[in-house]
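Protein chains in written order, with numbering that gives the first Met the number 0: chain A, 0 to 418; chain B, 0 to 372.
Just so you know, the hints here were simulated from the structure itself, not pulled from any lab data. None of these values were measured; they are calculated from a predicted model. Take the hints with a grain of salt, since some may be wrong.
[To be verified] Listed below are the simulated EDC-like cross-link pairs for lysine to aspartate or glutamate, each with C-alpha atoms no more than 20 Å apart in a straight line:
id: 1; chain 1: B; residue 1: 28; chain 2: A; residue 2: 311
id: 2; chain 1: B; residue 1: 217; chain 2: A; residue 2: 336
id: 3; chain 1: B; residue 1: 217; chain 2: A; residue 2: 205
id: 4; chain 1: B; residue 1: 10; chain 2: B; residue 2: 104
id: 5; chain 1: B; residue 1: 29; chain 2: A; residue 2: 302
id: 6; chain 1: A; residue 1: 149; chain 2: A; residue 2: 197
id: 7; chain 1: A; residue 1: 56; chain 2: A; residue 2: 396
id: 8; chain 1: A; residue 1: 347; chain 2: B; residue 2: 46
id: 9; chain 1: B; residue 1: 295; chain 2: A; residue 2: 258
id: 10; chain 1: B; residue 1: 28; chain 2: A; residue 2: 294
id: 11; chain 1: A; residue 1: 56; chain 2: A; residue 2: 302
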Amino acid sequence: MSEQSSRRPHRILVIGGGFSGLTTAVDAAETGAEVIVIERNPYLGGRVAQLNKYFPKLCPPLCGLELNFKRIRTNPLVTLHTMAEVETITGGPGDYTVTVKLHPRYVNDNCTACNACAEACPAERPNDFNFGMDRTKAAYLPFNQAFPQKYVIDGASCAADCGKACREACRYGAVDLEMKAETRELRVDSLVVATGWDPYDPNRLDLLGFGKVKNVITNMMMERLASPTGPTAGKILRPSDGKPVENIVFVQCAGSRDENHLPYCSSICCLASLKQVTYIREQNPGSKARIFYIDIRTPGKYEKFYGKVKEDPNVSFTKGKVARIVQAEGSDDVIVEAEDMLTGAKVKVQADMVVLATGMEPTGASRKVSGVGYNGDGFVLSVQGVSAAGCSKNPMDVARSAQDATSAVLKAIKTGQGR
Amino acid sequence: MPEQIAGQIIKPDLNFVKDIIASGGESLKKCYQCSTCTVVCDVTPGETPFPRKEMLYAQWGLKERLLNNPDVWLCHQCSDCTAHCPRGAKPGEVLGAVRKMTIREYSAPRFLAHMVADSKYLLLLMALPVLLLLGVIVGRGVTGIPDGEIVYTKIMPVPAIDVIFTAAAVFAVLSFLFGIRKYWAAMKVGTKAAPRGSLAEDVVAVITEFLTHRRFRKCSVTQERSTSHLLVFYAFAGLALTTTWAIVYLYGFHRESPYPQYDPMKLVGNVSALALLFGISLVVVNRLKNAEKAGKGSYFDWLFLSVIFIIAVTGLFSELLRLGNIAVLAYPVYFIHLVFVFFLFAYAPFSKMAHMVYRTTALVFARQTGRDR
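Generate coordinates for the entire structure from the input sequences, incorporating the hints supplied.
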């Protein structure tokens, strides 16, 4: 094995093209390893791409992602597959055979992202990138700065009787509705699982009214509402009637630290809410925000950020978990109910909009990669040859994911050397 | 709450904490004070609501704050809190344990309270009525199953029953009165509140609430419980009526038992007995069904349920076996029935039966102090 590895570069398969996976890929490739990245979505960047701003510097996500995209584009050792999923993994450290299924994009590399296909397309689909808050055509670009900058046609939403309008509209011959799924067999020395996380399903939080009470959204939906590329072009308007949000409540630990839901702390939701408070405060000077919490957890240097937000007189904090959310009578406002533990009284607070700070559920909780080991919560258990990076292993912020990815690279290239 | 605690020196009673844990509150320490419980509770007042603060008192071993606290009886153990608790801390079970300890704290004599709460004394407690009733039978010269028509007075004459059970009832009433007085005084100290307003009015209001189970009906996770409890409640009322009626027949009209089945008193008694059996079975079924969400309950709970269940079954079978003329079973079953009825009466101030007295006291106190209007 070591003889073999001295003749050719290490080959590493990275499962997942989010922040952790991309960092793994560029770091590994820059050590001279051959890297293949497979990504389930039609675009790279994962959850970070959906954020409005991210820690630690509160830059827009494309700042950091663009840098990684550039390093990938200019590095011939990295191969990318979007809309791809692992089917099986066999073999062992130093010699894995992985079968990968590539789903059809129905758009080939000729695409110039001119939008003609979308204009011609008569069918629509809910925009999952914006958590269903708006719709796109069945032929769509996932988001403005999507990488690869190629359209995709959603086969499930594509109405077969449309007369193939998109194909006729495309001047570049990029639309290929005959495209079929294909399976590839890849041989690699090691794998890095960077499959990331899903926002915990708020429909399961029966006390918190999501889906039943108007204007109850999740923190990830808030990122999209605040984002210039989101459904409201960055104006924080509540979904039911488009009213600018003046008075907002954040509900911490919505399903986190709860044995009925996610038993652990996701460690990022407190900071996410504090960050989102600044979105609304900066956008709307008269606005008021109130955070209901069990404990505010802002580890390390993030404590400073908490201190800064706390100084704002329009932001208040109430110790006590919200355990009931109902619609205000005769309006689209929302009423949250909690105990204010510092006064020892039950309080009902009316707000324009409520944000549920839902936690991170590893994708391993709902979609496991066959051949990878998981713990009971769905987090990946690393073994020699298959290491986890980022939130597939533990909830963490972007900065830690980057560090974690680098450490996964070290493990992966060591495996390639037969140690 | 913190204002009350701030500036005070907290004296945790660690033995009290262990005691709660041993009394069915074993999940107590899992609580991390998020207050989901208090918010989902539909029976708590909005000001200084429970049970989150009680969970803190319990974790810290603040004995006085719990045992002098009428709030633990405003709780009807709906278990909405327990079902939604993110940590499995089971506040409903913990408050149940605190109620049990309240009963033990105020009921006199104390040693009996400890014996009733502890399964290892069960046989000893049973031995008292067994020996007492056997003494009557042997004293009468009965050595086997009597011949002829089944008439229970052949083994157990009415005067003996009257003496034994009146004594048990008087003992229970005295013990309760003593307990109520002590508890009332303790609540005044604990809540630093002075009762005011008409006591009679508040007693009537509380009893009216019991008659409809108005508060109990607010429970959502274990909603059927109020129905089964109501059934048992009215069954007991019916049986109390039957007993009074029988006393009137016996001493007012000098009519001896057994009475014919069409007698209205008999009818009320039979219907009540069936309601009791049905009601208590429902209670047991609901408890088992809700065990996962609401907790499995303690020895204290199950002893009480078992005693009532056995009384209902043996009572009905005493009658059926008598009518079926199966003497060899009828007399022993009747004997068991009496043993358990004695058990229920004499030990009422120490068993879960006492909940009716302490809950009434606490609810009246809560009304008198404006805690619960």
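- If any of the earlier hints don't hold here, list their numbers in rising order. Numbers 1, 5, 6, in rising order.
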